[in-house]
Structures are given as C-alpha cells and as structure tokens.
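The listed protein sequences derive, respectively, from chains A and C.
So the first sequence is numbered by the working numbering: it starts at 1396 and just counts up by one.
So the second sequence is numbered by the working numbering: it starts at 179 and just counts up by one.
Treat the hints with care, as some may be off.
[Said to hold, decoys possible] Computed cross-link-like contacts, SDA-like style, restricted to lysine to any residue with a CA-CA straight-line distance of at most 25 Å: (1) C/Lys199 - A/Glu1528; (2) C/Lys199 - C/Leu227; (3) A/Lys1397 - C/Tyr285; (4) A/Lys1506 - A/Asn1493; (5) A/Lys1527 - C/Arg247; (6) A/Lys1515 - A/Lys1423; (7) C/Lys261 - A/Ser1444; (8) C/Lys213 - A/Lys1423; (9) C/Lys256 - A/Asn1493; (10) A/Lys1423 - A/Phe1398; (11) A/Lys1499 - C/Lys239; (12) A/Lys1403 - C/Tyr231; (13) C/Lys199 - C/Arg184; (14) A/Lys1506 - C/Arg246; (15) A/Lys1403 - C/Lys213; (16) C/Lys261 - A/Lys1515; (17) C/Lys239 - A/Gly1415; (18) A/Lys1527 - C/Lys286; (19) A/Lys1527 - C/Arg184; (20) A/Lys1527 - C/Glu217; (21) A/Lys1527 - C/Glu257; (22) C/Lys269 - C/Glu222.
Think of the hints as simulated: they come from the structure by calculation, not from any bench.
Please read all numbers here as calculations on a predicted model, not as lab measurements.
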Amino acid sequence: MKFYDFSKIEVDLQLQTRLGFAKIYSEKDMPIESTINQRGIAHIVISKSPDTLSKALRSPDVKGIIFEGNEFNKKIIEKAAEARKVILIPVSYLLWQNVHERQKAVHDIRKAISAIHKLKARAAIVTLAKDKESLLSRAQLGEVASMIAVNNGAKLFGGELFDN
Amino acid sequence: MITRPRSRYILVESSEPMDSKDVSTAHSLLSAVAKQVGESGYIELNPRLPFQYHSSTFIMKVNRGSERRAILALSFIKEVNGKRLGLYTIKTSGTIRTLIEYCKRTYK
C-alpha cells in the first residue's frame, strides 16, 4: 500500500522517500484556497463557513475540503460522502499544543471521524505542515492517527488521496 | 530465570543538525521524551542514544514492545537544548547493524 501526505511546504523527493511516503503533496501540486476558484484548476477549499464548503462540494474542480480550525459539521460530512470528495484532517497543529488543548482537539477530531465512518465518507489524516519542523514520517503519522482515532486510525491514514 | 530485555533501534533524523553524543543535548532530548511518556513510561522505554551517524541522524535504542510509544513521543518533541527542530523516525529495526547499513545506502 502506498502512503501519501499533504503539506503546505514543498518537501524534496529524497526526504519524501526517507519519510516513507509515495508522495507528499504540496500547495504547488494542489492549491488550498479559502474560496472556490473558477479557473478550472483542481484545488482544495479550506473554510469555517458551511455555505462555502457546501458550494465547494458541488464544484467539479474541488478535490477535497478542509474544515478550518477542525470545526467539523456533520451536514457537510454527509454532503462530502454523497459527493465522494476527500475530507482532509490536518494534524500537525496538534504537535505544538499543550496537553489540555491537544486533548480537546483530539476529542473533536475523534467525534468527526466517528461521523465520517458512519456516513462512509472519504477522509485522510494529513500533516498539512507549515514548516519542516511540523513534518512527520509515515510511522509517526500512523501513530498520531491511531492516537486520534484508536482503531479507525490505520484505515484513515495515508489512503489513496485524490484517486492517484 | 532473569532474561535480558530485548531492544528495538529507531533511526531518527532531525530537521536541524543535532549531536546526540553531546551530553547536554542527549540529556535535553531524553528529558523531553520523559516529559512526553511520564516516569513509568520512561522506565518502560528505557531510551538510550547509542549511535550518531552524521550531524542530523542518530539511533535511539528502546526496549522491545515500546517502540510505538517512543515514535509517538518523538513526534511531539519540538525543542532540544533550546533549539527548535522536528524529529522524524525513519526506520525501526531489531539490530543496530541493519540501521547503519540502511544509513550507508540512503545518506550518501
């Protein structure tokens, strides 16, 4: 099985291989935008607004969505499941939080993952690292996924992103 | 009968140069691990730093069965000896020799 990650920075190919990923997507491969762009380029939409995410799910250019600040919405998850779009769940920010903040964030993600499983939506746990300090190897991302989603982590992490 | 605890070796790469043979750096790193896993976890892990391959690659030895816990703990360590960095676990093995051979093949 091949594993993929998504980060905001570009990672050189050798490091991608050493980290154990077939590919680490960056914003250069697929831009992350806060609104739906009409330029016909495949992109990912990140937003807190359910309306924006709902519209994004109807656009053929949008390949995936990110709930900004991991503020999940069950209705949007339902729509994403119908549209077969990927829900990206960023985790690198958890690495910088203190234990109390992290506990709350993990609880929220766990609840969302439970809904994702029930609705059979497509989702992937990714780092979305802003800098090289936030990057994780495949083994580390797997452990973080297991920490968040207990038994479901392994199924979610690193799956086929964007129908490679 | 007392049996010798078996070990697992984790190849770790840091985003910034880091000398695990330097006493204060090693102490800082192991303290950070202890902070992540707690005192009982630290005894269970029994982490040691037996080998430095080059400026940013070193090997961590832990007790067998606790390597997953060590990998997770290393993910959350973002500062060693006052230096901001990220630690990536590249490979895990039962022998140090395998990891050194992997390093020779990978880091040219």
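Can you name, in rising order, the numbers of the hints this structure does not satisfy? Hints 6, 7, 8, 11, 12, 15, 16, 19 and 20 contradicted; others consistent.
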